[in-house]
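Novice: Kindly generate the complete structure, drawing on both the sequences and the hints.
Number of protein chains: 2
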Amino acid sequence: MKLLRVNLTEMEITEEKLPEKFRRKGGRGLTSEMVLDEVDPEAHPLGKNNKLVFAPGMVTGTSAPSSGRISVGGKSPLTGGIKESNAGTPFAQSLGRSGYKAIIVEGKPEDSEARCILEITSQGAELKSADELEELETSETMEKLLESYDDHNFCLVGPAGEWKMSMAGICFNDPEYRASRYSGRGGLGAVMGSKGLKAIVLEKRIQDVELADEDLFRQGQRKLAEGLREHDVTKPGGTLNSYGTAALINVLNQAGGLPTNNFSSGEFDGAEATSGEKLAEIVNERGGEGEMGHSCHPGCVIQCSNVYPDVDGEEKVSCVEYESDWSLGANLGIDDLDQIAEMIKICNEVGVDTIEAGVTLGVAMEAGVVEFGDGEGAIELLEEIRKNSAMGRILGNGAEFAGKAYGVTQVPTVKGQGMPAYEPRAVKGIGITYMTTPMGADHTAGYTIAPEILSVGGEVDPLKAEGKAELSRAFQATTAFVDSSGYCLFTTFALLDDDNAMEGMVDTVNGVLGTDYTVEEIVEEGKEILKKEREFNLKAGFSKSDDRPPEFMREEELPPHNEIFDVPDEELDKVWDF
Amino acid sequence: MKLLRVNLTEMEITEEKLPEKFRRKGGRGLTSEMVLDEVDPEAHPLGKNNKLVFAPGMVTGTSAPSSGRISVGGKSPLTGGIKESNAGTPFAQSLGRSGYKAIIVEGKPEDSEARCILEITSQGAELKSADELEELETSETMEKLLESYDDHNFCLVGPAGEWKMSMAGICFNDPEYRASRYSGRGGLGAVMGSKGLKAIVLEKRIQDVELADEDLFRQGQRKLAEGLREHDVTKPGGTLNSYGTAALINVLNQAGGLPTNNFSSGEFDGAEATSGEKLAEIVNERGGEGEMGHSCHPGCVIQCSNVYPDVDGEEKVSCVEYESDWSLGANLGIDDLDQIAEMIKICNEVGVDTIEAGVTLGVAMEAGVVEFGDGEGAIELLEEIRKNSAMGRILGNGAEFAGKAYGVTQVPTVKGQGMPAYEPRAVKGIGITYMTTPMGADHTAGYTIAPEILSVGGEVDPLKAEGKAELSRAFQATTAFVDSSGYCLFTTFALLDDDNAMEGMVDTVNGVLGTDYTVEEIVEEGKEILKKEREFNLKAGFSKSDDRPPEFMREEELPPHNEIFDVPDEELDKVWDF
Chain A
1 MKLLRVNLTE MEITEEKLPE KFRRKGGRGL TSEMVLDEVD PEAHPLGKNN KLVFAPGMVT
61 GTSAPSSGRI SVGGKSPLTG GIKESNAGTP FAQSLGRSGY KAIIVEGKPE DSEARCILEI
121 TSQGAELKSA DELEELETSE TMEKLLESYD DHNFCLVGPA GEWKMSMAGI CFNDPEYRAS
181 RYSGRGGLGA VMGSKGLKAI VLEKRIQDVE LADEDLFRQG QRKLAEGLRE HDVTKPGGTL
241 NSYGTAALIN VLNQAGGLPT NNFSSGEFDG AEATSGEKLA EIVNERGGEG EMGHSCHPGC
301 VIQCSNVYPD VDGEEKVSCV EYESDWSLGA NLGIDDLDQI AEMIKICNEV GVDTIEAGVT
361 LGVAMEAGVV EFGDGEGAIE LLEEIRKNSA MGRILGNGAE FAGKAYGVTQ VPTVKGQGMP
421 AYEPRAVKGI GITYMTTPMG ADHTAGYTIA PEILSVGGEV DPLKAEGKAE LSRAFQATTA
481 FVDSSGYCLF TTFALLDDDN AMEGMVDTVN GVLGTDYTVE EIVEEGKEIL KKEREFNLKA
541 GFSKSDDRPP EFMREEELPP HNEIFDVPDE ELDKVWDF
Chain B
1 MKLLRVNLTE MEITEEKLPE KFRRKGGRGL TSEMVLDEVD PEAHPLGKNN KLVFAPGMVT
61 GTSAPSSGRI SVGGKSPLTG GIKESNAGTP FAQSLGRSGY KAIIVEGKPE DSEARCILEI
121 TSQGAELKSA DELEELETSE TMEKLLESYD DHNFCLVGPA GEWKMSMAGI CFNDPEYRAS
181 RYSGRGGLGA VMGSKGLKAI VLEKRIQDVE LADEDLFRQG QRKLAEGLRE HDVTKPGGTL
241 NSYGTAALIN VLNQAGGLPT NNFSSGEFDG AEATSGEKLA EIVNERGGEG EMGHSCHPGC
301 VIQCSNVYPD VDGEEKVSCV EYESDWSLGA NLGIDDLDQI AEMIKICNEV GVDTIEAGVT
361 LGVAMEAGVV EFGDGEGAIE LLEEIRKNSA MGRILGNGAE FAGKAYGVTQ VPTVKGQGMP
421 AYEPRAVKGI GITYMTTPMG ADHTAGYTIA PEILSVGGEV DPLKAEGKAE LSRAFQATTA
481 FVDSSGYCLF TTFALLDDDN AMEGMVDTVN GVLGTDYTVE EIVEEGKEIL KKEREFNLKA
541 GFSKSDDRPP EFMREEELPP HNEIFDVPDE ELDKVWDF
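Protein chains in written order, with the UniProt record's numbering: chain A, 1 to 578; chain B, 1 to 578.
Quick caveat, the hints were computed from the structure, so don't treat them as lab data.
Just so we're clear, the structure is a prediction, and the values are computed from it rather than from any experiment.
Heads up, some of the hints might be wrong.
Because identical chains cannot be distinguished in the list, a pair is counted as satisfied if it fits within a single copy or across any two copies.
[To be verified] Calculated lysine-lysine pairs in the DSS-like style (CA-CA distance at most 30 Å, straight line):
#1 Lys539 to Lys574
#2 Lys539 to Lys2
#3 Lys48 to Lys464
#4 Lys539 to Lys464
#5 Lys531 to Lys544
#6 Lys48 to Lys387
#7 Lys532 to Lys574
#8 Lys532 to Lys544
#9 Lys387 to Lys345
Specialist: So, in structure tokens, the structure goes:
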């Protein structure tokens, strides 16, 4: 295995031997350690000293189920800290089959107008000028690339990345070449854009993944697949497969934890109208190109994605998932799935994170720029981003930025990143994750929703603060490993409830890498990753003050439970006592 | 002596006994300690938990020369840290004669549309509704107030403060009731605006300052006045009096330290055309209402202010000082004093800091929003602030913000505050002050320009880094005391070169307060103030990383000396080794 280093100052590509310490690693574990090793924590995120690291998970590229994830690491323009943002895409699988353990993109061309693409094929890697792709939206970029490349997967940025907006994501294709899969969070698209790298084109199958112990791998694969096929959440015809992640809308609304109107309430009148159940009903009724149970990459058992059709059954967008549905729905007081789908489409085309976009629009509504509930107004605001207007610049740089632009005090962010779809005042554990993860507010960093709301992996009272620091820490550590393995986070629904599936997951990792991880050790391995990420942030100037909720959540009670975020500072700090 | 506490949540005013520990204090020493004592460092700067503290200097209100300074303290919306911003104005003298050692403004009304004024007269203090003043510009606000109040001085915010823009300053009247004197830096105008406090109206002379030792005071006053009248920089007909502070344009240009085109060079072709000498020539030639040697408050010996006339001799604006001349001139590549005067006028009317405005426009030009040297374009950008457009929101929130809006990496700020008119790469000591003062980039916090450029208080090589940490520390400590005394910082030109004047300054303080400060002790007193300010910042989440230059100054050489900012991090940290 090798590393591919791409220097855009010199326009040079070099292959490097993989340092021994990275042999056992993959995904997030790899990107975070490389970022810590190679990026000056005080570097400007959009300057020549920031780097982007792309790494497939440990088992990505094999036939392990639901393992097509790629991690992208770098210093985030949104948070100013370390960022690992992962996506599920066939591109990840191709990278797993490329012979490269990671791609490191560094430097920055003198000419800020220049655009290039990185082409990686069995013939080698090459940088090619691609000025003709400048400022093209994601679908159009994908179409242009498909004219020249017919056996490849793609990674690219939309115009928002080229405009260096800090909510810009990095986009990948899905199995049908839609520009729809995102390493969305943290603005890494702006880092890619700042380097003039418009796209990476990757031949689908350069070389198969070498298995250190094929028998062990196959055994693990069977155990894990079995677990996924049996768990109510992950099984075919189960919750995620039938309704997509948006199944959570009703669940969180009933728990009083669905952030509504810029985190002013935990209940939304329009929950039913924007629920996963309603989504499935619309998709099934309209038929045509619509589809529930769509896969983001081949070999997924869960298949939680979807294709949303318009009233004529023509494809509108893929996909309407819980976070996007909420951020552009409940969070804005908008209860029309067609409008929400339209907004997701704009985000995908311009190339921005739907969560950050929705949270930002919520803040703009708080400032009175448009009214809560005004779907057309919200669409107009996203069109401002698309036009790169001054208003677009305000919105394109995220919720914290928009809040500052308008002097808003109710800004639901941590470390500059907008909060996802779970209200910390109603679900205390996830709040602790938001505040303490090195990533900025991020539900995927330690998804305590499982035991707090879904009775998966145990059952705890979401409104109680007690014991939640330990809970969040355990979830964060396990997640850091899962994000390294290449498995989709949703596999953990099965892993948490099924020891056999958990063992299977570990078996596959050991089967690929020749390692001897045990189930117990993966938490320790996860903690090592967290420590490295935190070390980067501390060197970048972060302190305990950055592990705190926004002031308003300490002071203003959230209906319907009328709770504040009452987790003491010491409890937040305790997450890092290990 | 008492404290006046004004609570805008409850619309209540209370008088409090002055705590003993504040008896010996004034100005910055008072505001910084009160802010540390009373404001949660993690509070939102625009929320109800931030406070504004107004305090006259120790001798302000007496007949001590050049002592009409007021300090305003609070948590800064621009830097997120503690802020003391001071101004020279008759209002300061009236506050010194009010019987109040400080005014503390706290809380925030529920109704964000409500406006009020605080009226302080010999009859007492009162809050009055003033919705009719909403969004009026500063001159118009002043005119309206003058219709009702004829023996008062005024403190007010322009619309930028009400719009909570983080470059909004707090405006005071000059002796002729121009809305022209500013506590400009750090966005405290936005804090005042966030509280709905449009203005403070203060009766001119409620009660005279009580002198603890009148003979000592008179003796000190004579010694200081003598020193000011003899020093070449401060004497009548001296440099400051004849050319204003803009006398520095040619000096810094010759030293290669005049930041030009957004800190791309230390030399400006248009220096001569925008110099203090040229300014004086224009003012004297045009005559009419123009005036050099204008005073910002009665009793100033130095008289460095001016009134700039238009081509017909009619008053355009007061005043064209070095920082504004530079920020809106050389920093933007603009060499036309009439255009610069026009821009200063807009800043004064809208109520924003001219330094931050100019540095922000420089960053916008770096982003290509308008071209360097385009005076009309620059004026148009300031008009966008005036209109409160989306572009105005981007610009009105300062240089760091505008840099982020456009993904610019060359952003000359420290702790989020724009750098003033001295290039750190060409004048290393002032760079250390910029980086280490708790205030964010601020020349007045430790004006090492005196020995580095002006041969005042010694003579050291501006390009050398050695010994500059100690130099900056000594200047920062002394300045913290001077900012507490109520004396204009420009008195230090005389104080540094004339032991007798220095003694006189200390005598006046002791004469007023009944203290026994010695010349040696004022540095120690200053250090105590610095420690308190730093304590606030550390609690607010600042770290050593916040005491660093922008990355580009470490990497890109500045013409004509082709120097980078080569002061090591350890040297920067050494400033705080005491």
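Novice: Does each hint fit the structure? Answer for all of them.
Specialist: Tested hints:
1. Proximity of Lys539 to Lys574 under the C-alpha cut-off of 30 Å is found in both arrangements, the shortest distances being 20 Å within a copy and 18 Å between copies.
2. Taking the shortest Cα distances, Lys539 and Lys2 sit within 30 Å of each other inside one copy (29 Å), while across copies they are farther apart (45 Å).
3. In this homomeric assembly, Lys48 and Lys464 come within 30 Å of each other (Cα to Cα) only across copies, at 28 Å, whereas the closest approach inside a single copy is 46 Å.
4. For the identical chains of this complex, Lys539 and Lys464 are inter-copy neighbours only, at 28 Å across copies versus 33 Å inside a copy, given an alpha-carbon limit of 30 Å.
5. Within a single copy, Lys531 and Lys544 get their C-alpha atoms as close as 14 Å, and across copies as close as 20 Å, so both meet the 30 Å cut-off.
6. Taking the shortest alpha-carbon separations for Lys48 and Lys387, only the intra-copy value of 27 Å comes in at or below 30 Å, while the best inter-copy value is 36 Å.
7. For the homomeric pair Lys532 and Lys574, the shortest alpha-carbon distances inside one copy (17 Å) and between copies (28 Å) are both at most 30 Å.
8. In this assembly of identical chains, Lys532 and Lys544 lie within 30 Å of each other by CA distance both inside one copy and across copies; the values are 16 Å within and 19 Å between.
9. For the identical chains of this complex, Lys387 and Lys345 are intra-copy neighbours only, at 15 Å inside a copy versus 33 Å across copies, given an alpha-carbon limit of 30 Å.
In the structure shown, no violation is registered for any of the earlier numbered hints.
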